[in-house]
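Just so you know, the protein sequences line up as chains A and B, in that order.
Residues in the first sequence are numbered from 144 upward in steps of one, following this note's numbering.
Residues in the second sequence are numbered from 2 upward in steps of one, following this note's numbering.
Honestly, the hints are just simulated from the structure, not real lab data.
Be aware that one or more of the hints could be misleading.
[Claimed, not checked] Dumping the calculated EDC-like pairs for lysine to aspartate or glutamate here, alpha-carbon to alpha-carbon at most 20 Å:
hint	chain 1	residue 1	chain 2	residue 2
1	B	Lys22	A	Asp525
2	A	Lys432	B	Glu37
3	A	Lys265	B	Asp34
4	A	Lys265	B	Glu37
5	B	Lys22	A	Asp458
6	A	Lys538	B	Asp25
7	A	Lys153	A	Asp458
8	A	Lys520	B	Glu37
[As the list claims (entries may be wrong)] Listing some non-contacts, in silico: residues in chain A with all C-beta distances to chain B over 10 Å:
hint	residue
9	Lys191
10	Asn232
11	Pro257
12	Glu397
13	Asp469
14	Lys473
15	Asp525
From the three backbone atoms N, C-alpha and C, an ideal C-beta is built for every residue, glycine too.
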Amino acid sequence: MNIRLEKKEKCLAALSIEVPAEAVASERAKILKAFIRQARIPGFRPGKAPRAVIEKAHAEDISQEVESRLIQNSFQEALKENEDLKVLNVKNPENVTHQADGSFTFDAELITSPEFSLPDYKGLDIEVPKVEVTDEIVDENLDQLRQRFADYEDIEDRAAEKGDLAVIDYTATIDGKPLEEVGGEQAKPLASNEGYWIRLDEEAFFPGFTDGLIGLKPNEEKKISVTLPDDFPIETIRGMDADFSVTVTGLKSETLPDLDDEFANKIEQGKSLDDLKALIRDDLEMRQKRQLEEIKINGVLAKLNELVDFDVPEDFLTSETQSQADAMVKEGMEAGMSEEQVKERQGGLFEEAEVRAKNSLKTNFLLTEIAETEELKVENSDVLQRVTMMAKQAKKPVEEVYERAPKERTTQQHPSEYASQ
Amino acid sequence: MKELQKNGQLSNIRQNMLLSKAVDFLVSNANVDEVEPPTEES
């Protein structure tokens, strides 16, 4: 067998194969023999029909089977001869020809794993923020809990003061136009509200807004103008002046529960205030630990990617870019982007998706290589344990988790997804 | 289960776990520097 393999750019290799006439004839003879044994031809006992009759009756099937076997055997032989080549996929054979001299030739394109040298991946330098759960943070969390259990009383004998809670109805406009008209779908939840509770402190809502409510009594109306901050989440209306027509429908004073063992018992039965503080601290420390793990993972993967660059297979990149773009559109729409806004940003979004896709694929090839170099192994028992755990968490039968498994991406996994594993 | 294994449905889970192990390896071998978190002004 004559095998020619030419490596090409972007993880492709061109394979040209010539199977000599004798090998073709031998394969054909084997297949014909099998057909003679199995074929049922009217007028003949099974396996007793003459060769010429079988050849005529099943000419097309025999020919197809010969080609299929020759191609299959040739691929196996070619991969054996080029063991160092990591083939990820084989495209459909082309130029399949039965030559006049009886030989058989065809070409095929192979998608191969990228070739790269692993950078020095031990001892990657990463930075993580120094964090600790201080008493102050625990107290802030306790205060939030107290607010959830606060009592509210109507204020009827005075005007609004700092620290009160106001219940308001409002509509907002920019240059006389409804806010949603200027800011789009995303701005809709902010454009008008009824029975909206707002604490009268400087940090609530927009800068200057709550100052405008001080001194108002229930049923009083007022126009309050504010400038939307430069870091406002809806880009299109950042820095613009918005006018709010407000009606105060109620005023309330807040009484927080005393911070004592009785309160702690209300939150966690049988626990003292000190116990509750310890529980809050543990919970916060656990969350910080998880965040730090995620930062470390993203840090090492970003660093690893910076250290080496190589082409990834084009077909993989196309498919992964589409997946990333789909995920970004989904995220955007969940965050309130309209279809129009998605369309407007399509170009940029696709560029960003391609960058993410390449990084993601690179990461996976690098990690696979590192796992091989370090001889990391996953035992069968580990896999079974993982699947059982996944099933338990999802409260689904183990079989269902198995069935979902093929849909999970492996070579296209985004680095941040490792954090949850 | 054997049928599922034959169908290669376990290979994705196995591959994910292997890549996770490689990530753990990188993290456990990294030089981690603790820095003060950026303040709001910076």
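*asked:* Please list, smallest to largest, the hint numbers that this structure does not respect.
replied: As far as the earlier hints go, 4, 5, 6, 8, 15 are violated by this structure, in ascending order.
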